[in-house]
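*Asks:* Could you build all of it, start to finish, from the sequences and the hints given here?
Chain order of the listed sequences is A and B. Using the numbering used here, the first residue of the first sequence is number 2, and each one after it goes up by one. Using the numbering used here, the first residue of the second sequence is number 3, and each one after it goes up by one.
It is worth saying that the hints were derived from the structure and are not from the lab. In this text, all values refer to a predicted model and were calculated from it rather than measured experimentally. Hints are not guaranteed to be accurate.
[Said to hold, decoys possible] In silico DSS-like links for lysine-lysine, alpha-carbon gap of 27 Å or less:
1. B:K107 <-> B:K305
2. B:K305 <-> B:K433
3. A:K476 <-> A:K454
4. B:K160 <-> A:K476
5. B:K70 <-> B:K111
6. A:K495 <-> A:K476
7. B:K375 <-> B:K107
8. B:K160 <-> A:K495
9. B:K107 <-> B:K371
10. A:K454 <-> B:K111
11. A:K454 <-> B:K276
12. B:K375 <-> B:K305
13. B:K160 <-> B:K107
14. A:K39 <-> A:K111
15. B:K433 <-> A:K454
16. B:K111 <-> B:K212
17. A:K476 <-> B:K305
18. B:K441 <-> B:K375
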Amino acid sequence: MMMLNWSIALIPLLPLLAALWIAIGFIFGWNRHEKGEKETAVVSLYAIGISFLLVIGLDVAAVSGVLPTEVRLGTWLSSGRYHINIGFLFDTLSLTMATLVGFITLIVTKFSIDYLHREAGFQRFFMMLSVFNAAMLLIVLASNAALTFIAWELAGVSSFLLIAYSWHRDVATGNAVRAFVSNRMGDAGFILAIAFSFFWLGTVEWSEMPIMIKENNISTLYVGVIILGFMTAAFAKSAQFPFSAWITRALEGPTPSSAVFYGSLMVHAGVYLLLRLAPLLSVEPALLIIIMLVGIITAAYGYVVGLVQTDVKSSFMFSTLAQVGLMLVWIGNGWFTLSLIHLVLHAIWRAYQFLHAPSFLQHAQQPARPVPQWLHRDTWLYNAALHRFWLDGISDWLLTKPTHALAHEAQLFDEQVIDRLTGIQSHANMLSTLSCWEAQQANKVALVDEIGKGNGIFGAFMQVAAAAMHWFEEKLVLRGSGEGLLTLLNYLGKYLENIDKLLMQPRYLLVLIMVTIVIIL
Amino acid sequence: MNFHSLVILLLLPLMGAAIVVVLPRHNTSLIRNTAITTSSLVLLFSIYLIISGDIAPQVAGLWASYTKVWNTRLGTSFALGVDGLSYPMVMLTALLVWVAVLASKGITKQPKGYYLLMLVLETAILGVFMARDWALFYIFWESTLIPLFLLIDRWGGKGRQTAALNFFLYTMGGSVFMLLSLLVLFDATSVHSFAFSAIAEGVSHLDASKQTLIFLGLLLGFGVKMPIFPLHGWLPLAHVEAPSPVSILLSGILLKMGAYGVILAVVMLPEAAKNMQVVLAALGLIAISYGGLLAWRQSDMKKMIAYSSVAHMGVVLLGISTLNRNGLTGAIYQMVAHGFVAGALFMLIGLLYERTHTRNINDYGSLLKATPKFAFFIIIAFIATVGLPGTAGFIAELHVMIGGFERWGWVMLLLSFGVLVTAAYGVRTIKCLFTGPVKAPMQNVPDLRPSEVFAASILISGILFFGFYPNLILDSISPSVDGFMQAVGKH
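*Replies:* Listed below in structure tokens is the structure:
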């Protein structure tokens, strides 16, 4: 049993450790440059290779019936009545997906070794790819929503980093941010769904959730809210309408990465999540209709826009969208198995196509078909398809612009009110840049003597109080008592000296003696 | 002849001074080495006394004592003794004099007289902390004045004459009132003696109002030294004008003499202390804000540290004013902590001044590159001034805070205000000294020499050690604090 547990944990861990190993190697410099490519490639290839073999082993065990459907390795955290376990699921869905993921990532990793030969970011790419491999394996194997979410985010981050692979290009980094932010919208739904599951169901284990609903007679409204959260996450990850815009931008990454992310694996993660929720979906039929509608719209969108694309990768992308939309339609009809079969077949086919994409034009014998006549006649639709239905523009107008405006106002408030009250200077009284220094040399800026100068309300108060105390100190304590005492003594001394002088004169001496005698008598 | 160990400790520096007298005038290094040896011996001997068990720490009452009647008709005796309050001060004195002598390499003018006076001063200070007879106490108290006056007057800065005279007049003025009070006290005793115990006995027959008057006289005398606001007029001037090693002693130990005296007075005159409690607390709180804000306003670094000393001694006064266990413990701890912090700051700033010849903060900048060792020690010293956890000042301020809260409640927020102001000028100074634009004259400042690093690291590690392991001091002073609490009548 121990042996089994270990090998299960190793499936997602191995690629992760490979990534860690590459990172450490890069920091200490033993696998840098071209001479380190071989080691890097071997480490990541062997890691995913062994993981894949382990998955195959589990498949065999499952078929022969010795594998439990769920294995719990321990508790990650527990607080009050909330527990998050570290566990793995081994039902048909998980094992199918894991086999698929292992197979495709293995092939893509193998492909990348030659494809990225002598690229500057070779090590970086394989590190990210290994993280992604681990994340995908964990998404499909994790036994609860929290663990799935961790992997979900890990996949998001590695895709962000891979899209921005050529980070010195503005387009790449801009697109990476765009893709990541769009995905985060879905993540908000995921987090909410996890929180609500904890709150209403008391569990986030995939297998316990339907049981809890049945046992505790949870209202369908609550279940609906939870599923809606997961659905948002699934739609965003699978680039369903209206989240479709990010996926074409994500093509900026190197070919192998677009193959795994968008062609075959990550885009299907959303479908996997919906399939995983299948037992819950039957509770609320209205949600199935939503899924179906979204699927239909996306399929239509992908089809129409795909017709007018002029480059290979974009055409593949939109046809992928259409296919994933169809999978959602099957789910909406309750045909979960069909959807899974569609997913597997499509993933393999699409992975092949994407890896093939760079040399596709050479292999294609005939030129691309022209835009069909019906689309040609409908100018509006044609225009809309060319502009991909303005999804980017709409989201800019709906989300980016208001956020920008709000941020601008908040900053204004911060600068005008808060900074003045707290006294944080917008520009530090220092020469922080070379241009500052040059300006100072040219006497354009001067450093302010800031001794005893306060900023903000508190600073102003301190300044006033200190000034008052300084006055007191100068006038009374130092000059009044210290120096004042000296002046007084000097003055008295002179006075006494004069008396002394007078007394030295005989006539006053005589008077003094006489006075003394008079007093004594 | 069998000398008592306390007598040996007291006379060691004087013997060193006697040797310095007969040394040739021009052999600076020989004189300096003699002084260093003497002060090291004193320091080692004070530690040895603890280790050997000659004085028994962690007991209530006196750890060791020696009495020899001097003049029966006057009722004076040569009575020495140390307890949980005074022995930490004795050790602090030994340590800081040693540091000051080590840091005196820059003194080239008349070294013979300088080191002679330093050693005489050490005996006088040790005498103040060891005396168990008010007459003897007064003699030692006054005899610290003469070497100090000469040290400031002859080896000080530009305004040294004014500063020395000012210092002398202030302290003498206070001493007059102290002497008056002591004579009244002597008058009240039945046994005709100046011994601490006899006078404490006699005081208990006095009524509260008379006690208060006597207390006021003592407070004036000790308050000038401590200094208590508004009797601190001598302090900024003297600290600025004194040569840096003397500044170390002034702020490191001389101020503690004042605080030590106030604690003695409070324990001796509990009724009066209770009457004056509010006044003491108010004076302490005023000193904290006043010293802090004025320190914040200074661009002269020595002046800034001088005013920060006013604020820190305000914390001591506040701790005393609570008349409870935590407050008094905090006050004593702060005396030790401030000895280390002020000693370290004056030493480091003094050494910096020797190299740059400016004390204006604005002239400095970007020293981090040129003098990393300076930066390391000065930054820790300033952090300790703020009383950050992990430094000795924190333990002290925390005790005073707790004690003050027990007695005065939310008024203690003012203490927090003082801490905040301290942080303001502490961080500001670090920033001005070490960061900022590169200034050409600051690029070739030589860093600390090995002997200076040694001295500085002793003080800095003391600050950190007593910040992380306060029990060493807390355990040894706690029986004495209990004794004081019994005398004050509060448990």
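*Asks:* Indicate, hint by hint, whether the structure satisfies it.
*Replies:* Results of checking the hints against the structure:
{"no.": "1", "hint": "B:K107 <-> B:K305", "verdict": "22 Å, holds"}
{"no.": "2", "hint": "B:K305 <-> B:K433", "verdict": "18 Å, holds"}
{"no.": "3", "hint": "A:K476 <-> A:K454", "verdict": "21 Å, holds"}
{"no.": "4", "hint": "B:K160 <-> A:K476", "verdict": "22 Å, holds"}
{"no.": "5", "hint": "B:K70 <-> B:K111", "verdict": "40 Å, violated"}
{"no.": "6", "hint": "A:K495 <-> A:K476", "verdict": "25 Å, holds"}
{"no.": "7", "hint": "B:K375 <-> B:K107", "verdict": "18 Å, holds"}
{"no.": "8", "hint": "B:K160 <-> A:K495", "verdict": "26 Å, holds"}
{"no.": "9", "hint": "B:K107 <-> B:K371", "verdict": "25 Å, holds"}
{"no.": "10", "hint": "A:K454 <-> B:K111", "verdict": "39 Å, violated"}
{"no.": "11", "hint": "A:K454 <-> B:K276", "verdict": "40 Å, violated"}
{"no.": "12", "hint": "B:K375 <-> B:K305", "verdict": "23 Å, holds"}
{"no.": "13", "hint": "B:K160 <-> B:K107", "verdict": "20 Å, holds"}
{"no.": "14", "hint": "A:K39 <-> A:K111", "verdict": "12 Å, holds"}
{"no.": "15", "hint": "B:K433 <-> A:K454", "verdict": "14 Å, holds"}
{"no.": "16", "hint": "B:K111 <-> B:K212", "verdict": "50 Å, violated"}
{"no.": "17", "hint": "A:K476 <-> B:K305", "verdict": "17 Å, holds"}
{"no.": "18", "hint": "B:K441 <-> B:K375", "verdict": "18 Å, holds"}
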